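Assemble the whole structure, with the sequences as input and the hints as a guide.
The residues making up each chain are set out below.
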Amino acid sequence: MMLIPCPWCGPRPRVDFSYGGPDPADHPRPADDAPLEAWTRYVYERDTPKGSARELWRHAAGCRQWFVVERDTVTHEVAGSHPLPGAPRPVGEDL
Amino acid sequence: MSAPGPARQPHRLGSGGHIDRSRTLSFRFDGCSLTGHPGDTLASALLANGVRLVARSFKYHRPRGIQGEGAEDPSGLVALGRGDRHEPNTRATLTTLTDGLVARSQNRWPSLRWDAAALTAVASAFMPAGFYYKTFITPPQVWPLAGPILRRMAGMGRSPTAPDPDRYEHRTAHCDVLVVGAGPAGLMAAQAAARCGARVILADERAWMGGCLLKEKTRLDGRPGTAWVADALEELASRDDRVTLLPATTVTGQHDHGFWLAADRIYDRPDAPAAGEGPRQRLWHIRATQTVLATGAIERPLVFAGNDRAGVMLAGAARAFVNQYGVTPGRRAVVFTSHDEGYRTVFDLRGAGIEVVAVVDPRPEVRGPLPDRARAVGVRVLDGHVIGDTRGHPTRGLEGVALHRYHDGGMVPVGEWIEADLLAMSGGWSPTLHLHAQTGARPVWDDDLLAFRPDPWRMPPWMAGGCAGTRGLDAVLRQGLEAGRNAVEAAGLRLTGAPPPVPAIDRDEPSEVGEGTPQAPLWAVPKPAMAGGKRFVDIQDDVTAEDIALAHQEGFATVEHLKRYTALGMGTDQGKTSNVNGLALLAEARGEPIPMVGTTTFRVPYTPITMGALAGESVGPRFAPVRRSPMHEAQAEAGAVFQTVGPWLRPRYFPRDGETLAEAVRREVLATRANVGMVDVSFLGKIDIQGPDAAEFLNRVYINGWKSLPVGRVRYGLMLREDGMALDDGTCARLAEDHVAMTTTTANAGRVMAHLEHALQVHWPDLDVRLVSTTDAWAAVAIAGPKSRQLLDLVTDLDVSNEALPFMGLTVGPVCGLPARVFRISFSGELAYEINVPAGYGDALWRRLTQAGAALGLVPYGSEALGVMRIEKGHVAGAELDGRTTPHDLGLGRMVSTKKSFIGKRLLQRPALQDPDRPALVGLVPEDGRTAIPAGSQLIATEHAAEAVPIPMLGHVSSACSGPSVGHPVALGFLKGGLARWEGQTVVAAYPLKGTQVRARVVPPHFHDPDGSRQNA
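Read top to bottom, the protein sequences are chains A and B. Just so you know, we're using the UniProt record's numbering here: the first sequence kicks off at 1 and counts up by one. Just so you know, we're using the UniProt record's numbering here: the second sequence kicks off at 1 and counts up by one.
To be clear, the hints were calculated from the coordinates, so they are not data collected in a lab. Quantities reported herein were computed from a predicted structural model and do not represent experimental measurements. Just so you know, not all the hints are guaranteed correct.
As the list claims (entries may be wrong) - Ranges between beta-carbon positions, derived for each pair:
| hint | chain 1 | residue 1 | chain 2 | residue 2 | range |
| --- | --- | --- | --- | --- | --- |
| 1 | B | ARG656 | A | GLU45 | 18 to 26 Å |
| 2 | B | ALA674 | A | HIS27 | 53 to 61 Å |
| 3 | B | VAL645 | A | GLU45 | 30 to 38 Å |
| 4 | B | ASP917 | A | GLY80 | 47 to 55 Å |
| 5 | A | THR75 | B | PRO521 | 51 to 59 Å |
| 6 | A | PRO28 | B | GLY893 | 47 to 55 Å |
| 7 | A | THR48 | B | ASP455 | 24 to 32 Å |
| 8 | B | PRO593 | A | THR75 | 54 to 62 Å |
| 9 | B | GLY646 | A | GLU45 | 39 to 47 Å |
| 10 | B | ALA615 | A | THR75 | 28 to 36 Å |
| 11 | B | VAL645 | A | ASP33 | 38 to 46 Å |
| 12 | B | LEU495 | A | THR48 | 37 to 45 Å |
| 13 | A | HIS27 | B | MET459 | 31 to 39 Å |
What the hints assert, rightly or not - Okay, the calculated bits of chain B under chain A, using three or more residues with CB under 8 Å as the criterion:
| hint | segment |
| --- | --- |
| 14 | 256 to 268 |
| 15 | 762 to 769 |
Glycine included, every Cβ here is placed at the ideal spot set by N, Cα and C.
This is the structure we're talking about:
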């Protein structure tokens, strides 16, 4: 079972987390008045990259924060994780 | 402890082995009373008693004995236990003998000795690979008749039918170094890591740790190998604050990131608790920083005609039965081996008084230390020979082997049968790579080793000993030490203290003398024309060399196809002994080298795990937590009948004097509408929202506007998913400028919370808003009915007049002497209030309201009456909010704000979702005024009513009730074009599965008090 590093709580087993699609930085929510095609792509179309991927995960059974995990979808190796822009800073992080 | 009866074990040696002859254990096999000793497995005890026939095979019901001595044994599967404790397909070789153990053979009827279905073996020439597929592919009518018969005949043991009375548990453990396998390499690795202060878990599937040092006669430091094992285990056990020893525990799977599952057969441990005490099995969830695999190697059988008789055994297993258990698996033996190491068997068997009449070896002119020693002790070494066939007796097993001269793949009968009741065979050893390969490593073929080696690119886990393809005990021990130290360093610990010394081994030991002649790749002995026996490759699945050739001929030429077509390696042993022989035969048929064929996928688990261990504690009431309302007890005392709704236990109705459900619900509804009723609504999801941007946040998640909601008022809201479909509805009360109390439906409480958190964290981190779920913090009761204001007035000093507390107003203050928030909202359509108190006061609130309301005719009502009243009022609920409906479909299109943006707005504008012909909410009443309209009915046009399906569908009925307040059944449904097209017309509600049709008139979906005068009163 994968260990996912929560930026706030530290590494925790995968069952504590839920998956939330690609990193919003790579898959931004369109503007309110963007064309329907852009919205359809946003809601329905997801890439399934083989290899390195940046994914959104939530520490659902913990601090409930969403954050970005860099993960290899083939080997399941986790390169790292970081909070979303505007999220509270993890304790102990240099200010 | 000892029992009367046949205590004599005719095949037990008077001395030797690691068993305790001072104590006798009695057990039963197929009703026979037998005995053994502590230290025995069921397999060794059966052999000690001369029981050679232990099972019938899966396809041909052929008589089978024990072939291996551990997890690899493909044939010795038995059923353990009686009654509810029945456990099928258990390996006799891994089952520790205990006093009173009860075992039975499988796949036989009426008895193991005389099995009716064994006649299929006679017909087996007509049952080649793919027999079932070929026979029953047409006509389809045959399968329903033949299936049950074949299922009875084929397959393995029977599942128990009653609940398992035993307890199982899961346990989580963390360590720096996990060592899998407690043979010489594993013990060295564990000691090396433990001496550096690492937290170590050492697991071994066998009840007794020591691996090959228990099975072979090897001396370390001039002492028996078992003495060195005992010292190593004692040292490890003395560090019990850092070291955990797990005997009888099979590490069954490697999962990601150092996570391993291990099945602990507690009752197979030598120090097992008494039956019924503690859990029977435990599934360990181990998280290891580093792992050393020291899983050893598995011996391969040789493939020749008649190789499945009881008495044909792996050479290493024969040695183990003699050396570890003091059991003689035969009296007159032939050794058949394609490599030097098999010759060890000669000396161990002779040492136990077994006559070894010959060694048969396909290699011509064999020279080497071990073959020469065999010749020196006078054993007939038949190099350049093979065994072409065997003969024997159905229950006694092997009686003789046919000798053939062998040269360059061709063979000539010698015309000699050698009498023997034991054939010890060895086709070489395959490293046990299962755990290594489970996460995608690709083992590589080694032409010198004639076996697959670990994938050098996928280490760690560190590999040591037989599983790494290492030969020679000295090399194995050194590699174990190195792996243990590598693991310590890789785990980020320092190498401290003295490493454990590598014990000295005499260069004359059979394990150290090396090979004279290289191993011969003999994958199958050709079948002589007159041979009676079959050449089994996989004796658990009854797959022969001929089946593999046939599969190839029929086009199943890749290894994965071969496996599925013939069932090779698909049994409970997953082909531990048979896979490499099968692959090699396929490679031969394809005319390609073995690496071109590759291996099948290694999957978890390594050996089967019982369902009980997988379930652990999550059975019965512990399967899932039950949520109870804070006023559960008070409602139970009031006679509530509870119902499971998701995780909740909710009062469904409160019957009086033997009322039926329908009678009680009708009474509860009418009493509420006439006087006053009360219902527990603690189950609703509650979310507390605070921050200066709270109203702005609501604005973005609901379709309607919130900026104008004044403090002290409540509003109904509908929220959508990003795709424009309704997600949930509820109310929000504005307690302060920056404080909102939100409610959600019971079912969607968790989903809505997650949705809001996602929106806030991912889309709008700039909004200054905080959320917390308060579902469990508040208890809530709704009081509804024309006398609800009168009741509220009795229990509070707050001003609850229509002016001070109008519809959709709120007030805060003591109610029933308890701190409360009162919201004037209504789900029933009556004048109603929802009283919220901190959860700990819920019980008091229910009891005090009950007391105060008695004079007003207050009745408690349950979820059924609540549902009836909301349908009569035309409120949507879960059946309408089914994930496929838009605000317009729900009749709430006017709520959609055009002035602001909100989640779901853009995709709601898709042309298809704006189509006026979409199914929209309507009310339905039976034309005859009395026939109920079943929920789930399909709505069709009257002119199609008499036609056979398929009929064009106009919509469906989502909710229905008997309509006690309106005097006739009513229903809500969705109809293409909605009211605009259908109002006043008749449609048919058809339920083809029940064969019912009801003619229904389409009306607006508000049956009770459509103008809202009652709730506004």
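Now for the hints, and whether the structure bears them out:
{"no.": "1", "hint": "B:ARG656 to A:GLU45: 18 to 26 Å", "verdict": "58 Å, violated"}
{"no.": "2", "hint": "B:ALA674 to A:HIS27: 53 to 61 Å", "verdict": "57 Å, holds"}
{"no.": "3", "hint": "B:VAL645 to A:GLU45: 30 to 38 Å", "verdict": "36 Å, holds"}
{"no.": "4", "hint": "B:ASP917 to A:GLY80: 47 to 55 Å", "verdict": "51 Å, holds"}
{"no.": "5", "hint": "A:THR75 to B:PRO521: 51 to 59 Å", "verdict": "34 Å, violated"}
{"no.": "6", "hint": "A:PRO28 to B:GLY893: 47 to 55 Å", "verdict": "30 Å, violated"}
{"no.": "7", "hint": "A:THR48 to B:ASP455: 24 to 32 Å", "verdict": "26 Å, holds"}
{"no.": "8", "hint": "B:PRO593 to A:THR75: 54 to 62 Å", "verdict": "28 Å, violated"}
{"no.": "9", "hint": "B:GLY646 to A:GLU45: 39 to 47 Å", "verdict": "32 Å, violated"}
{"no.": "10", "hint": "B:ALA615 to A:THR75: 28 to 36 Å", "verdict": "31 Å, holds"}
{"no.": "11", "hint": "B:VAL645 to A:ASP33: 38 to 46 Å", "verdict": "41 Å, holds"}
{"no.": "12", "hint": "B:LEU495 to A:THR48: 37 to 45 Å", "verdict": "44 Å, holds"}
{"no.": "13", "hint": "A:HIS27 to B:MET459: 31 to 39 Å", "verdict": "36 Å, holds"}
{"no.": "14", "hint": "256 to 268", "verdict": "holds (count 4)"}
{"no.": "15", "hint": "762 to 769", "verdict": "holds (count 4)"}
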